[in-house]
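Here the structure of chain F is known, so what remains is to put chain V in place on it, guided by the hints.
Residue numbers (the working numbering), protein chains in the order written: chain F, 1 to 420; chain V, 421 to 1040.
Quick caveat, the hints were computed from the structure, so don't treat them as lab data. Hints are not guaranteed to be accurate.
Claimed, not checked - No farther apart than 30 Å at their CA atoms in a straight line, the calculated lysine-lysine pairs in the DSS-like style are these:
#1 F:352 / F:11
#2 V:829 / V:712
#3 V:494 / V:559
#4 F:99 / V:521
#5 F:98 / V:494
#6 V:494 / F:99
#7 V:927 / V:764
#8 V:952 / V:976
#9 V:509 / V:494
#10 V:494 / F:52
#11 V:972 / V:1016
#12 V:927 / V:792
#13 V:521 / V:553
#14 V:604 / V:614
#15 V:912 / V:976
#16 V:890 / V:568
#17 F:52 / V:497
#18 V:509 / F:98
Unchecked claim - Residues on chain F that point at chain V, a partial pick, calculated with CB under 8 Å:
#19 285
#20 288
#21 289
#22 311
#23 322
#24 326
#25 327
#26 330
#27 331
#28 334
#29 368
#30 372
None of the values given here were measured: they were computed from a predicted structure. Note that the Cβ used here is the ideal one computed from N, Cα and C, for glycine as well.
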Amino acid sequence: MNRSITDYPIKLDWIPILLFVLLVGIGWINIYSASSTDVGNGIFDLSKPYGKQLVYIILSLVMIVVVFAIESKFYERFSIVFYLISLVFLLGIFVFGKKISGATSWFVFGGFSLQPSEFAKVTTVMVLAKYLSDGQINMKNPQHLITAMLLIAIPAILVLIQPDAGSALVFISLILVLYLHSMSGWIIFIGITSILIFLMTLLLSVTWVIGISLVFCSLIYFFIPKKKRTIGPLIGLFMICSTLSYSVDYIFKNVFEQRHRDRFNIVLGLTEDMQGIGFNTYQSKIAIGSGGFWGKGYLEGTQTKGNFVPAQHTDYIFTTVGEEWGFFGSTIVILLFAGLLLRLLFLVERQKTAFAKWYGYGLVTVLFIHFMVNIGMVIGLIPTIGIPLPFFSYGGSALWGFTLLLFIFLKLDGNRVNEW
Amino acid sequence: MRRFFLHGLIIFSVLAFLAKLAQLQLADDSYEILSNNIAIKKVYDYPERGYIFDRNGKLIVTNQPSYDIMVIPKDVKDIDVEELCTLLKIKKADYDAILLKATNYSPRLPSVFIPQLSKDDFAALQEKMWKFKGFYIQKRALRDYQTKSAANVLGYIAEANEMLISKDPYYQMGDLVGIQGVEKAYEEYLRGVKGVKYIQKDRFNRDIGSYKDGIYDSLPQQGRDLELTIDLELQQYGELLMQNKRGGIVAIEPETGEILAMISAPSYDPSLLIGRDRSKNFTKLYYDSIAKPLYDRGLLAEYPPGSTFKILNALVALQEGVIDENTTVSCNHGFFYAKGSFMKCHGHASPVNLNSGIYNSCNAYFGTVYKKTIDKYATTSEGINHWAEHVKSFGLGDFLGYDLPTGKKGFVPTSSYYDKAYRNDRWRSSATVSNGIGQGELLTTPIQLANFTAAIANRGFYYTPHIIRKIDGESVDKKGMVKRNTTTVDAKYFEPVIQGMFDVFEKGTAYSVRAEGIEICGKTGTAENFTKINGKRVQLTDHSIFIAFAPKDHPKIAIAVFVENGYWGARWAGPIASLMIQKHLNDSISRKDLEKRMLEGSLMSEYVKPISGQPFTINK
Chain F
1 MNRSITDYPI KLDWIPILLF VLLVGIGWIN IYSASSTDVG NGIFDLSKPY GKQLVYIILS
61 LVMIVVVFAI ESKFYERFSI VFYLISLVFL LGIFVFGKKI SGATSWFVFG GFSLQPSEFA
121 KVTTVMVLAK YLSDGQINMK NPQHLITAML LIAIPAILVL IQPDAGSALV FISLILVLYL
181 HSMSGWIIFI GITSILIFLM TLLLSVTWVI GISLVFCSLI YFFIPKKKRT IGPLIGLFMI
241 CSTLSYSVDY IFKNVFEQRH RDRFNIVLGL TEDMQGIGFN TYQSKIAIGS GGFWGKGYLE
301 GTQTKGNFVP AQHTDYIFTT VGEEWGFFGS TIVILLFAGL LLRLLFLVER QKTAFAKWYG
361 YGLVTVLFIH FMVNIGMVIG LIPTIGIPLP FFSYGGSALW GFTLLLFIFL KLDGNRVNEW
Chain V
421 MRRFFLHGLI IFSVLAFLAK LAQLQLADDS YEILSNNIAI KKVYDYPERG YIFDRNGKLI
481 VTNQPSYDIM VIPKDVKDID VEELCTLLKI KKADYDAILL KATNYSPRLP SVFIPQLSKD
541 DFAALQEKMW KFKGFYIQKR ALRDYQTKSA ANVLGYIAEA NEMLISKDPY YQMGDLVGIQ
601 GVEKAYEEYL RGVKGVKYIQ KDRFNRDIGS YKDGIYDSLP QQGRDLELTI DLELQQYGEL
661 LMQNKRGGIV AIEPETGEIL AMISAPSYDP SLLIGRDRSK NFTKLYYDSI AKPLYDRGLL
721 AEYPPGSTFK ILNALVALQE GVIDENTTVS CNHGFFYAKG SFMKCHGHAS PVNLNSGIYN
781 SCNAYFGTVY KKTIDKYATT SEGINHWAEH VKSFGLGDFL GYDLPTGKKG FVPTSSYYDK
841 AYRNDRWRSS ATVSNGIGQG ELLTTPIQLA NFTAAIANRG FYYTPHIIRK IDGESVDKKG
901 MVKRNTTTVD AKYFEPVIQG MFDVFEKGTA YSVRAEGIEI CGKTGTAENF TKINGKRVQL
961 TDHSIFIAFA PKDHPKIAIA VFVENGYWGA RWAGPIASLM IQKHLNDSIS RKDLEKRMLE
1021 GSLMSEYVKP ISGQPFTINK
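Okay, chain F solo, but in the shape it has when bound (with noise of 0.2 Å):
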């Protein structure tokens, strides 16, 4: 097979390239504010973490060179490859891996470290769509099921023991691919029936708990017409939901550690604590609601050139948006991470093949779960949960990562035309 034949003419969708263009340049200039001191030499400083994301940004420019030069078929035939290996590597974290506040994530060669979790969301977005793209493959059959929960499962549980809840929260999203392909809607909503009640039941009691759902079985019992009334399945949605409301409470209160409980109840607001695990949350609040509308300017930022904010350049990035930025500015990122997100969703729709639709859905997933989790940490409505937001964020490993998830993906779009 000739390559020129399969893989050109290429068209690309130039829209995400754009928007991937501005996230990342908006992002360093953000980092630049954030890490740089009175005393420096140059954006190349290399002992500044601006002027090494500047190394990190060229460094995945070569790397989208190198993603369109390989045949779009590659990287669906070695999928599976690629998730071994990946796997190898998150294994042998806990040989080699090296210690960075708090956990064994990284390897690390001289001054250089690299994340192998950031590139087994890729291998596991890969694998799950050249499962799912095979046409017998059917979530209502319980054995498909099972492996495709197993494929997200095994990196997600190895993340979890490094111990990194963020990354393995990411994997654990993938479910809702499974989801989008034929999953029965049923366990998304007891999923998220689960979660609510988890809520609940912190923030208000067993007993309201309980209440609510006997309230809300009844209410279904009228509603369903009379004809087709039945009263057991509601009795056992009833039990079922008063029983993880008593094991909830119980493993909220005698599993979990003190620092877990803290962080949930300081964003459900049941504590306040200014100086212990809420000064990030407290601090990144303040430098992003002094902002105001308009910002206080670029480099103008009291709250990040004072350092006050932990992690700033990292996880906490977006409060330099919001202090130096504004509401305005905000916003924008906001609505560029929107537009790439559904754009994206766009193309998914057009594809041809099965594997580039699934893996379209899965970068989604990921994408908006960065998104999500991290800005909504970052301006206090959900626990500290310490993932980076894409592109965005200071970091090698994760923007290398994003790159290449988002660039395959186009790769394969780009290609869309010469498949049938």
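Below, chain V alone, put in the same frame as chain F:
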């Protein structure tokens, strides 16, 4: 439907984010204020700490300038560390350690690098400080003591620790705060209020001028001067008398409750706890667990009151009506207070009445009197609780409420104590008969002894003892700080008892320490005491105790003297009390030989006994 699931999630998240951002950035401006708090620096202007005078207007404590080297770790850069270490006379390792500690506290807040430089060190450094970025000199006021005495009364000041800073936001790192004695008790008066200037900072933490033209700035308020009730001369004389002995003296003016002198021996020179050697000296004093120079024996040492307590038992018995002046008790070197239980006494004429019972300090008399008091009631419990109530009305068994920061309650046993010690209601008055002679379970502190002596001198009431006389020239009486407390014993019962105390000097146990021309009333006491050596309970030489007031009519001084292991009351405590009284009333001492004996006398040989590891004898 399924296809739009992700669309829905994305749009929902975006809307939620924008709503939350609008709330944070547009609706709620409290975050802006918080941000200002962080970006605006406060600079403090420290007022001079108030002076301290004695009751005669003699200046005891003033201030001297002192200079702290402060450091802001994040500003430290490009400095010649070796030169700085040489100038400050520290080692490189110390430099690193102190800087690390400061950085751990806060990289951007000032910490003390080297505290309390002398004027000379400061002069040498001043010209060169500009070279060391991140370091600067903060001027503060240190104490300057005009006396070597009264360290236990005055207390000391030291840098506020992190615990205090987190509790009281007034204090910052490096601020000085009163830690003990008057410095602690009157900290808020002495320190004044520091002034604040608000300085606007730019993002490089540089000053760019006064915030809002200084509308929020305030001037420092001067610390207030204190006049103490202490007579410095009497205090110094008492400390001299107590040299080479351990114990406490507390002297109170009965008609006001003012503490004239409060001596704790051994003590230390207050000047030791200022300057660069402060921490070295403090450590030395703090770890001296044998002599305990930082332990204020006048306020904290709890001992049995010994025979001095017989006075109170006499008063209680008179009030309860179980004896009168003429009640007699016979004593044959002691008496049987219960079948087979004998309480020993020394040789004296028998029988004794109230008067001779007091001046002979007869155990048989007071044992009997005590039993009568308790047995007046239907049950022993009831009896002992009535007795305890009377005793407590003299200020025993509880904090007196004086204005110094430390104290001990002492102990007055009640029925509930004996119910626990024995089985309920299975004990009789005879089981507690030691209370009659001040031994038993009773515990008192020297200030409590002095206070009940003052109550006797006043014939039935006392003013809460206090150390403060005037604040900024204004008498504290007017502020209601002086409280009159009435005892449960009627005034008429005091005269015969006081006559007995007078006769202690005329014909009794303190005959040898009479002071010519002064009518002193007093009582000797001796307290058995024990220590543990290698886990074994070992008896040591008795404590020598003495209480007295003078003159008999219109008393000017009430005093309690306590000399550890001084054997019987008239041996050490009696003479010292007598000399102190003469010093206070006449301002001169007639009995030079007695004075010489007291000044030169040493009990150090007693104090080494329990730690010598050798067998020893006591009460010799």
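Hint numbers not upheld by this structure, sorted from lowest to highest: Violated hints: 8, 18 and 22; rest satisfied.
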